[in-house]
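> Single-letter residue listing:
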Amino acid sequence: MQHAFAAALTLKTDAPCGVSPARFGIYRNNRLSALIDALSAGFPATERIVGEAFFRAMAREFVAAHPPCSPVLMEYGADLPAFIARFAPLAELAYLADVARLELAHTRAYHAADAPTLGPDALMQIADTSRLAIHPSVSLIASPYPIATIWTMNTSGEPAPIEDWHGESVLVLRTNMAVHIHTLDTGAVIFLEQLQQGVTLAGAAAKALHDAQDCALGPFLAFAFSNGVFTQIL
Amino acid sequence: MPLPPSGMPAGIFLHMQAIPMTATHMLPPGAGASFKPAHFRTIAEQAQPVAFFEVHAENYMGAGGPPHAMLSKLRADYALSIHGVGLSLGGEEALNTGHLEKLRILCERYEPQSFSEHLAWSSHGGEFLNDLLPLPYTGKTLARLCDHIDQTQAHLQRRMLLENPSTYVVFEESTWDEAEFLAEIARRTGCGLLLDINNVYVSAINHRFDPRAYLNRFALAAVGEIHLAGHTALTDQNGNPYLIDTHGGPVIEQVWALYAETIACAGALPALIEWDNDLPEWPALLSEVRNVDAILSAHAIKAA
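Residue numbers (the working numbering), protein chains in the order written: chain A, 1 to 234; chain B, 1001 to 1304.
Check the hints yourself; a few may be wrong.
[As the list claims (entries may be wrong)] List of simulated lysine to any residue pairs, SDA-like, C-alpha gap at most 25 Å:
hint, chain 1, residue 1, chain 2, residue 2
1, A, Lys12, B, Glu1173
2, B, Lys1036, A, Glu52
3, A, Lys12, B, Phe1040
[What the hints assert, rightly or not] Far from chain A by the CB rule (all over 10 Å, computed), these chain B residues:
hint, residue
4, Gln1048
5, Gly1091
6, Ala1264
7, Glu1281
[As the list claims (entries may be wrong)] Pairwise CB distance ranges, derived in the manner of DEER restraints:
hint, chain 1, residue 1, chain 2, residue 2, range
8, B, Glu1111, A, Asp128, 46 to 52 Å
9, B, Arg1041, A, Met124, 33 to 39 Å
10, A, Ala222, B, Arg1104, 40 to 46 Å
11, B, Leu1142, A, Gln196, 51 to 57 Å
12, B, Ala1294, A, Tyr95, 51 to 57 Å
13, B, Ala1094, A, Ala53, 37 to 43 Å
14, A, Gly218, B, Pro1280, 47 to 53 Å
15, B, Asp1236, A, Leu11, 17 to 23 Å
The set of hints was computed from the structure by calculation and includes no laboratory data. The C-beta atom is built at its ideal place from N, Cα and C for all residues, glycine as well.
So that you can see chain A by itself, here it is in the shape it has in the complex (with noise of 0.2 Å):
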């Protein structure tokens, strides 16, 4: 019974026989829009971007190729960006699936596991040597568009033209209970993945001077240890 049940409610078959049709539509109806809404919660750039109708279609579209397999709806959509980069409908709008990406990082930040992190006082204890751990809620999306600069107009601010349109490397961090983006240049992106990978700072610091042209990594050390970036030296 559930079966059938379940085939006509994702819309493979008609409503089974003995329900009415109608009746059935109620349940199709909470299924499918709670599901969008889901999605839409969780990718409110993406959505105001491509605009409600079009995101709420293309919703459908992606709940009918990826439906949800748990339960625990905040882990839905982790398909969408890919998704996305593949929807022919998207093709002239390059870009959106980075902003998906780093929607997807803001979500997993806001649900990653607490941690106590080290503060500017830690940066003291820290030699060559040292290995760091970084918070579970650290991502980085590294991005040939301005990600940042597009995320931040769609949520926070409002659309405008983007004179200087070039890439944006994004670090996707949860300090003290808020999420935040910051943008970072192409030397501390190459840095964090060093440590991310478990390499000793000296190690990381001299990929990153040789690999990019700008690198600026005690600044970005401070930073990093101003806002919880690193939970421990190991």
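Please build the complex by placing chain B on the supplied structure of chain A, with the hints as guidance.
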């Protein structure tokens, strides 16, 4: 030694001998409110005249962050009901033990006064269907539900409450009346019941039965909590009214009347205002909570 609630025959807790049920596993018999993060700041500013708060379990299954910080603060100041919406107790398939374990961890962390779930199913074939779906009431579904509830209560090491659903379809193969089906589940498993009076009203209009007759058959002695909520009234293509359980507005007059009649029979019980959609500012929700208080006060005066 845990005692069955008064009015229930001894020996009812056949499966429940190992499950502790103490006063800490009971909500206070006053008015509670759904907790929504949008209200947190206002609620935390000053003590609120609310006997308990209720949250959906699945919204607190992340690892950390603001949801847990808010819930910890709330739990420190108020009694708590954790209400699951994703366990699929009425499912034909085996229970999702991973999800059950997440519920156990949540109950262990917050020690809520109540844990409740639904007479419904919501997962099938590895897919979460994101709605509380209806099932036929037969000997077979009864046995399966009782097994799932036994498993849940054993895993959580606590008595749970099972909520009556709002439904839009009924099944010809049903051989049990819903209220009697719920009473039998409570009798067999020792679980308590969560009586959602708005759900009774919604189903009564949708399936053209008398909500008072349903409530007369309901095992009120097993009820550990009442839910009250708003719904949306629509008309079908034949001009017949039907209701959708939207939790997006105030409780209507008829549901308040059924609530007052229910506590006249059952006595004061914890009663929750559910409000999940089109969320108003906190004072609007609080004014619904005060309506519950007013009815409870009137009942107390009459009973004295």
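> The structure should be examined with respect to each hint, and the outcome stated for every one.
Quick rundown of the hints versus the structure:
Restraint check for Lys12/A and Glu1173/B: satisfied, since their Cα atoms lie roughly 24 Å apart, inside the 25 Å limit. Among the hinted pairs, Lys1036/B with Glu52/A is consistent with the structure: their alpha-carbon atoms are about 24 Å apart, no more than 25 Å. Between Lys12/A and Phe1040/B, the direct Cα distance comes to roughly 41 Å. Violation of the 25 Å bound is thereby established for this hinted pair. Every CB of chain A lies more than 10 Å from the CB of Gln1048/B, the least distance being 21 Å, so the non-interface label holds.
For Gly1091/B, the non-interface assignment is contradicted: its Cβ lies about 7 Å from the closest Cβ of chain A, within the 10 Å cut-off. In this structure Ala1264/B is separated from chain A by more than 10 Å, as the shortest Cβ-Cβ distance comes to about 33 Å. The beta carbon of Glu1281/B is kept farther than 10 Å from every beta carbon of chain A, the shortest such distance being approximately 19 Å. Range check, Glu1111/B to Asp128/A: about 47 Å between beta-carbon atoms, so the 46 to 52 Å window is met.
The hint said 33 to 39 Å for the Cβ distance between Arg1041/B and Met124/A, and at roughly 37 Å that hint holds. The hinted range of 40 to 46 Å is satisfied by Ala222/A and Arg1104/B, whose Cβ atoms lie roughly 43 Å apart. The hinted range of 51 to 57 Å is satisfied by Leu1142/B and Gln196/A, whose Cβ atoms lie roughly 53 Å apart. The hinted window of 51 to 57 Å between Ala1294/B and Tyr95/A holds, with their beta carbons roughly 55 Å apart.
Against the hinted window of 37 to 43 Å, the Cβ-Cβ separation of Ala1094/B and Ala53/A comes to about 41 Å, which satisfies the hint. Between Gly218/A and Pro1280/B, the C-beta spacing of about 50 Å keeps the proposed range 47 to 53 Å intact. Between Asp1236/B and Leu11/A the Cβ separation comes to about 21 Å, which falls inside the hinted range of 17 to 23 Å.
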